[in-house]
Amino acid sequence: APRPKKQPDATAGALKAAQDALFDKCALADPAPMQAPQPPYVARRTMPQRIARLEQEVHELWQSIVGLHRDVYRSITDQDWFATWM
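First residue of the sequence shown: 11, per our numbering; consecutive thereafter.
What the hints contain is simulated information worked out from the structure, not anything from laboratory work.
Between beta-carbon pairs, the in silico distance windows are:
| no. | residue 1 | residue 2 | range |
| --- | --- | --- | --- |
| 1 | Ser-85 | Ala-62 | 32 to 40 Å |
| 2 | Thr-87 | Ala-62 | 33 to 41 Å |
| 3 | Arg-54 | Ser-85 | 44 to 52 Å |
From a predicted model like this one, the values you see are computed outputs, not experimental measurements.
Idealized CB from N, CA, C, for every residue including glycine.
Model the full structure from these sequences, guided by the hints.
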């Protein structure tokens, strides 16, 4: 008995449909976004804000230096006082 001729277009179409269905099923299983969400916009500091922050930091450093100078001066004068007392 002669065999019926294969229909490659129908077979290829069925295979493509099965692949598409599998792809759609996998796509639904992992709904992760393609791109990570962007962080919220943070306004950059203006130049006056930067200058004010710099002035504040310089002032704090100056206060620390003055305090250290005072401590060193007291230490030196205390040593001189003890040296002259003995």
